[in-house]
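Turn these sequences into a full structure, and let the hints steer you where they fit.
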Amino acid sequence: MTSSQYKVIGSRPLRPDGVDKVTGRAVYGADVKLPGMLHGKILRSPHAHARIVSIDVSAAQALPGVRAVVTARELPSVGDTVTDLGESVVNLRYMSNNILAHDKVLYHGHAIAAVAADNPHIAEEAARLIKVTYEVLPHVLDGRAAMAANAPILLPDLRTNELGKQGSSQTNVAEHIRHQRGDLAAGFAAADVIVEREFHTATVHQGYVEPHAAVALWNEDDQILVWCSTQGSFGVQEQMAELLQVPPSRVVVTPTEIGGGFGGKNSVYLEPVAALLSRKAGHRPVKMTMTRAEVLFGTGPTSGSYIRVKMGATRDGTLTAAEAEMIYEAGAFPGSPVGAGCGVLFGPYKLENVQVDGYDVVVNRPKSAAYRAPGGTNAAFAAEAVVDELTEKLGIDPIAFRLHNAVREGDRRADGPELPRIGFIETLEAARDHAHYSAPLPGKQRGRGVAAGFWFNWGGKSSASASVNADGTVNLVEGSTDIGGSRASLAMQLAETLGIPYADIRPQVVGTAGVGYNEGTYGSRTTFSTGWAVYELGKKILDEMRQRAATHWDVPVDGVTVQDGTFAHNGDSMSFRELAGQLEVPVSVSASVFPSGFGPSFAVHIVDVEVDVETGKVEILRYTAVQDVGKAIHPAYVEGQLQGGAAQGVGWALNEEYVYDDKGRLVNASLLDYRMPTALDLPMIDTVLVEVANPGHPYGVRGVGEVPIVPPAAALANAIYQATGVRMTELPMSPARVSAALLAAAVPA
Amino acid sequence: MQQFRYIRAHNVEHAATLLLQHDGRARILAGGTDLIVALRERRLETELVIDIKGIPEVSELSFDPVEGLRIGSSVPCHRIYNDATIVAKYPGLIDAASLIGGIQIQGRASLGGNLCNASPAADSIPALIVHGAICDIALPQTRRRVPVEAFCTAPGKTVLERGEFLASLHLPPPPPGFGAAYLRFIPRNEMDIAVVGVGASVQLDESRQRITAARIALGAVAPTPLFVQEAGDALIGAEPGDEAFARAAAIAQAAARPISDMRGTAEHRRHLVGVLTRRALAIAVERARK
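Residue numbers (my numbering), protein chains in the order written: chain A, 1 to 749; chain B, 750 to 1039.
Read the hints as simulated data drawn from the structure, not as lab findings. Fair warning: there could be bad hints in the mix.
[To be verified] Straight-line alpha carbon distances no greater than 35 Å define the calculated DSBU-like cross-link-like pairs of lysine-lysine that follow:
(1) A:Lys131 <-> A:Lys461
(2) A:Lys663 <-> B:Lys906
(3) A:Lys21 <-> A:Lys33
(4) B:Lys906 <-> A:Lys131
Since the structure is predicted, the reported quantities are computational estimates derived from the model, not experimental observations.
Printed below as a string of structure tokens:
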């Protein structure tokens, strides 16, 4: 690579929001305080599935200090409107039902009623005084069990969307989708080796560090003001408008700083309830915060799944056919990420004969929400283990096999679209050539695994505006929640475009009242899409400034050039800063974009493990994440995305799972027993940034945040196999499961 | 959080009298790392919280070569593992005290509280048992002594009766040739509750080649921490080594009555009892020979 063509892009400056965050001064959801503010608390279902016979709120209402009690009766009835939540779609009627249960509770922890009181202790006490009479119904937690003929029905009006046709009978299967191409039978007939395996993955939560928090004020003039921690303030505005049946313009959403979201903070939970309480309590602001237990009980985890994968290859290592069945548990309402899972499953491979069937199935668990490359980790865990087994049976190096079958520009994905310029080959080559891949791994019970991953990424709508200050700095006003360093990555793109220093850009994230429409920060889209908007801003500012310079020199604008932040005409020149100080008419611009040239990402992860075969515990010795990142605007934050994705994938792979008792009650709703990895459970995660520029972006950006969670579980399973000779087909690969598998393997058949 | 009253007791009598007066509606506060969480989550209800940290006797930590170690019931873990004498003499206890919770928890959490919380999975209890610890229980006027292995009666339940509270723990001085260890299995590397905990102690003869006495105690595999006397007794006269350890481990496994819950399966727990008993005995012997 030649020395960089860029001055700012590719450097590693400090983040604009850093000082406030490390000093504790940054305002997060739970930090918002308003005069006269009340505190809300939610009552949740103790049952997995029950009909609500009656709700008596009289005792709660009578408790001194209680200002309002609401139930689903206060929610307006909404029709079957399907809305896009960013990487997940939801039927608003179901969403309303999830916010506060209407006639049935569908999972342990389902919200039923809420109280607003003078302080959180009174609110908590009052919520306990609400008397709910239930008729307990049989429950079902497992996707395949929910598909059985005699399974309890969760939603009486649900009919299967069967390959586009509506079914006629009651069911828990919301949708059956299929991607199909070529001749499966001929493909498998041409194979020398066929591997078919079944896999299970558990329900897991995003585990963002900040619990949900919101303050809402339903004003006397029917304006609804919301302050909350969200991935997208316009998404909150839209959902509030639909759920409360008010015009969107009446809802003003101001986002706070956000302590992680990973897809889980696109949907609203507390916001509409706080608004209803505010209206009922005489238009006083109401604050609601969740405990960690409530986050686990009541907000979206991602789907547990059953996946069957069959793949065939010839002796020379060419894949000839692939087939899969994927059953994803949506939770209590339709909308699992099975569609994305179907696309990720065989995403890395060139396949002529392929069929994937996906099922979206409702079960008595919390409604699933997006989680970083939704559906992808489950899918890759299954497909990449089967690929690993094929390479073993064929005696071909796992990376060589993948290189032989890898998709490249112009190939068609199993789910249809043709691939643009991608960097999968380059990523595989970088993994193959990395010192980790060829390093000796001496010692017993140690093994090295490798796995690949694909993610679509997204573009989406973004708007931003900017104004030039007299001191030559530029205010950048944007509406994309900064969840992974996007203030920095956007300011850097604007600085690069303007030819001025990064430190001269003052980025600020504002709410729905302060900027044009923005989709949320999801789909690995912000640095790409809002970056496009910011690039447009830069060009517009330069155009305006050239005109001002032309006026200043009294020359035609065509004669004014601008390069590296300097305006020039026929020997005269002025820096951006000098010109900014002499502006008679201020310069401010805005831009809105909906770019379509987002490019998919590919990742290859290499991991070394040591298994304590007596206890079943897996220790990670070394981890390397290799990824095509398009162009790393701020390499340190890109590396952080790779490390964070790998860390979450490790947790998903080894210990995280929702555990239920025989009554369908979630029994590990705490971070003590829902075992996310701690700092001591993770090694240093090395990263390799492969930069194959995305032609669909002025600076070559492609999304980087999601694909790093796709390969980890598969890479770990493959490493455990190398260490022990046992193939783990169920997540999490907890010590109990690994130990049981090892003991079973030790018993002669 | 529920409402309660808070009183700081000045002496043992004061605390015991308050307890008697509030018969069943008062709780003792030492470090609070279990109590406050339980009150907040409403797993416990109380009218009164009696803070005993101001009572000199229950805050005392002292070692005497003849009397042994006396640990006041409110002494936090960090004072124990930062004491060089205790580190040298009571290695099994140190193993446990340094892995309860995280570093902030260890700044507050006491072994007395860990014992009175009576969790089957409490890390300190198997360690206290194998060190032969005795509980000193206070009433307004009198005292009584109970071995730690007889203190817990069920999950969250102890032998403490109306008006009684735990004042201190007494551990006999370890003779030469004594070694102990506590091991727990957790799926992560910190911040977990024991899936299984095993304490083991051995007394070696003068040659350090024979076991003259041994104690084995198990955590998280029965409704209370389990002292498996027969597992230790099976080692008397044995030469330390894999064969003897495996014999004791098999007896410990047979004594375990594990359940499956969110923290582990019964099968895995029973299996781990064997693994950890062997490993803990090996460490205890190694320490005894130092």
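Here is what the structure says about each hint:
no.	hint	verdict
1	A:Lys131 <-> A:Lys461	46 Å, violated
2	A:Lys663 <-> B:Lys906	26 Å, holds
3	A:Lys21 <-> A:Lys33	18 Å, holds
4	B:Lys906 <-> A:Lys131	31 Å, holds
Against the hints set out earlier in the document, a violation occurs for number 1 only.
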